[in-house]
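Protein chains: 2
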Amino acid sequence: MAVDELLRSSRLSWFGTEGADSDVVISSRVRLARNLVSLPFPGRANLAQLAQIQETLDPVLAGLGAELGQPFDRIALDELTALQREVLIEKRLISEKFAEVQPHRLAYISANTRISILVNEDDHLRIQSMSPGLSLTQAFEMASRVDDYIEAHLDLAFDETMGYLTAYPTNLGTGLRASVILHLPGLVYTRNIENIVNTSPQLGLAVHPLEGIGEGAHFYKISNQLTLGYSEAEMIENLQTAAGEIAAHERRARKALSYFGKDGIEDGIWRAFGILSYARSLTEQELFALVSRVRYGIDRGIIKEVTPDCYAEIIVAARDGYLKYAAENENLSTGEISAIRASRVRAILQKYRTQG
Amino acid sequence: MAVDELLRSSRLSWFGTEGADSDVVISSRVRLARNLVSLPFPGRANLAQLAQIQETLDPVLAGLGAELGQPFDRIALDELTALQREVLIEKRLISEKFAEVQPHRLAYISANTRISILVNEDDHLRIQSMSPGLSLTQAFEMASRVDDYIEAHLDLAFDETMGYLTAYPTNLGTGLRASVILHLPGLVYTRNIENIVNTSPQLGLAVHPLEGIGEGAHFYKISNQLTLGYSEAEMIENLQTAAGEIAAHERRARKALSYFGKDGIEDGIWRAFGILSYARSLTEQELFALVSRVRYGIDRGIIKEVTPDCYAEIIVAARDGYLKYAAENENLSTGEISAIRASRVRAILQKYRTQG
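Residue numbers (the UniProt record's numbering), protein chains in the order written: chain A, 1 to 356; chain C, 1 to 356.
Among the hints, a few may not be true.
What the hints assert, rightly or not - Which chain A residues stay away from chain C? Per the calculated CB distances, all over 12 Å, these:
1. 111
2. 158
3. 195
4. 198
5. 256
6. 263
7. 265
8. 305
9. 308
Said to hold, decoys possible - Quick list of the computed label-pair ranges, beta carbon to beta carbon:
10. A:304 / C:81: 35 to 45 Å
11. C:326 / A:304: 22 to 32 Å
12. C:96 / A:248: 50 to 60 Å
13. A:335 / C:326: 39 to 49 Å
14. C:307 / A:201: 34 to 44 Å
15. A:225 / C:353: 32 to 42 Å
For the record, the hints were derived by calculation from the structure and aren't laboratory data. Positions of the beta carbon are idealized from the N, C-alpha and C atoms, including for glycine.
Bound-form chain A, shown alone (with noise of 0.2 Å):
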């Protein structure tokens, strides 16, 4: 069963250590919203009219596989447990507000997890494509693949003035959203970070705390604000330049932190990595806070008992509904999650545990 495999895997190889500037950007995503034409939003569609969306889509999607070299898992939604969707969010394989129960959704996952096409969600499809770093173009060239094949085959909601047509007006003309992930301990430490969030709209930028991790984990989405009146090349642009800036911010941070203040930070990495490495229980807040240091460690070269990757395998399978689906038990109590948890990701650090 192929959908378990994928919900049982430990790794993203999009989220990962790999990729242009990764000691900061851990990963880049394109989303492309893209709708039938004569066929209504699904939002307004009737159940008939759902059926008809996805009836029309699924073949054409069933032969993405064979177009682009690796084999895609087909996932109706309706067929997944509570447990299953809570993980596909955990590993932002779809969208919370597509996990929401509804008639005739389906997902698209590729093998590797860096390409999810999503059917009837807000529009009739919304193809993403992650790639690991800072890689934004080659995210959309990804993407652009989909989308070509899928035009290919199908007639697209397309205005010669207002250009793709989507259910949101603020997805209008590219129909294009872009968002990089960025660890931002730096920023963190030396207070910066609220400056950068305020000065972001005026870019035409948001910076917000990733939604669904605690703010201590220190991960930062950036993500263009205006989709009318720009290429899609000129948006892509834009956030790669500015998401290199913030990563350059970020790298001086780290360095006058190596040189002020260098003693308690030292000291609070290190007691992070005693703790990931010991602890009996741990939350999944305290958990992406001390993650988040022992990372910030390996960068800077202070830790070297480990290897980079442990860190994308904690992000990934220390988390609730993964342990719980790991667990095949859905009603672990949180003190049980918080020991199971503890325990694997001083099983992880064991495995990724460097010689000598």
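Given chain A's structure and the hints, the job is docking chain C onto it.
Just chain C now, kept in the frame of chain A:
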């Protein structure tokens, strides 16, 4: 220079993990107050008299090494630096009161650090004997051997009705004070310690957190309150029994904790071990709190990574005075000492690491 060796040594043979009931009882101590006839107590003596007291006692104490078969360090207090005095206080080999610089004070300390004799503190002579675990009889026998040897050479102030005459009436009679240091995390965690502290005066006992070390260390000192009206043997017997009973209480508390509230305490034990293993900065107060948890974890069979001996060495060799003396720099800042302490603790844990 023998004093230097004594100060630098990271072990105290009486503060270890051997001895009876050593899972709970750290050490036992007996102190005898003695005075020469026809000379005033030091607090009332003039300079010439203080010199006379020292000159009378010094040649007799010089023969003690041969008598007891181990060398003694003869330490003239006014030749010590403030830092050296601090280290001797930390090691409980001299009292804080004795460390106040007054002329003609001498300390004779045996090579195994189990006997410490102070000249011209409150009394002409204070004989202290320390031994590991619950071993008051053994400590008393050793103190008595010293006492017998001195009485064989000198006339001591003794009244047929009152017993030994002492500077403070509370020591009158036998001149004996006995005390035991216990490690009581179980009674602290189960909140039974207050009860024991509060009811102890009714049993003629004083139970207090050990001075000079934070309460987080869970060290308690139990001593007899009454010296008059009991024979030496009765006093020793009473305290030995009381300490044994408190140790039994402590074991029951630990057992209860191994069933109830197990998870939280185990997690705390492991976190303490993780922080001690990796922290880059530790205050003395935090150190004691963490070390107490680790020792408790070792005693409970939870931590098997290090042998119990690490505990005794950390308690001696990670203290402010000791570290400054070892670094030969009494002007280290608090931050510097905290960093050196953390480094020292890591080295000690490494040294006592078990195989496998």
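Consistency of the hints with the structure:
{"no.": "1", "hint": "111", "result": "holds, 38 Å"}
{"no.": "2", "hint": "158", "result": "holds, 58 Å"}
{"no.": "3", "hint": "195", "result": "holds, 29 Å"}
{"no.": "4", "hint": "198", "result": "holds, 33 Å"}
{"no.": "5", "hint": "256", "result": "holds, 19 Å"}
{"no.": "6", "hint": "263", "result": "violated, 6 Å"}
{"no.": "7", "hint": "265", "result": "violated, 10 Å"}
{"no.": "8", "hint": "305", "result": "violated, 9 Å"}
{"no.": "9", "hint": "308", "result": "holds, 18 Å"}
{"no.": "10", "hint": "A:304 / C:81: 35 to 45 Å", "result": "holds, 40 Å"}
{"no.": "11", "hint": "C:326 / A:304: 22 to 32 Å", "result": "holds, 28 Å"}
{"no.": "12", "hint": "C:96 / A:248: 50 to 60 Å", "result": "holds, 57 Å"}
{"no.": "13", "hint": "A:335 / C:326: 39 to 49 Å", "result": "holds, 44 Å"}
{"no.": "14", "hint": "C:307 / A:201: 34 to 44 Å", "result": "violated, 60 Å"}
{"no.": "15", "hint": "A:225 / C:353: 32 to 42 Å", "result": "violated, 55 Å"}
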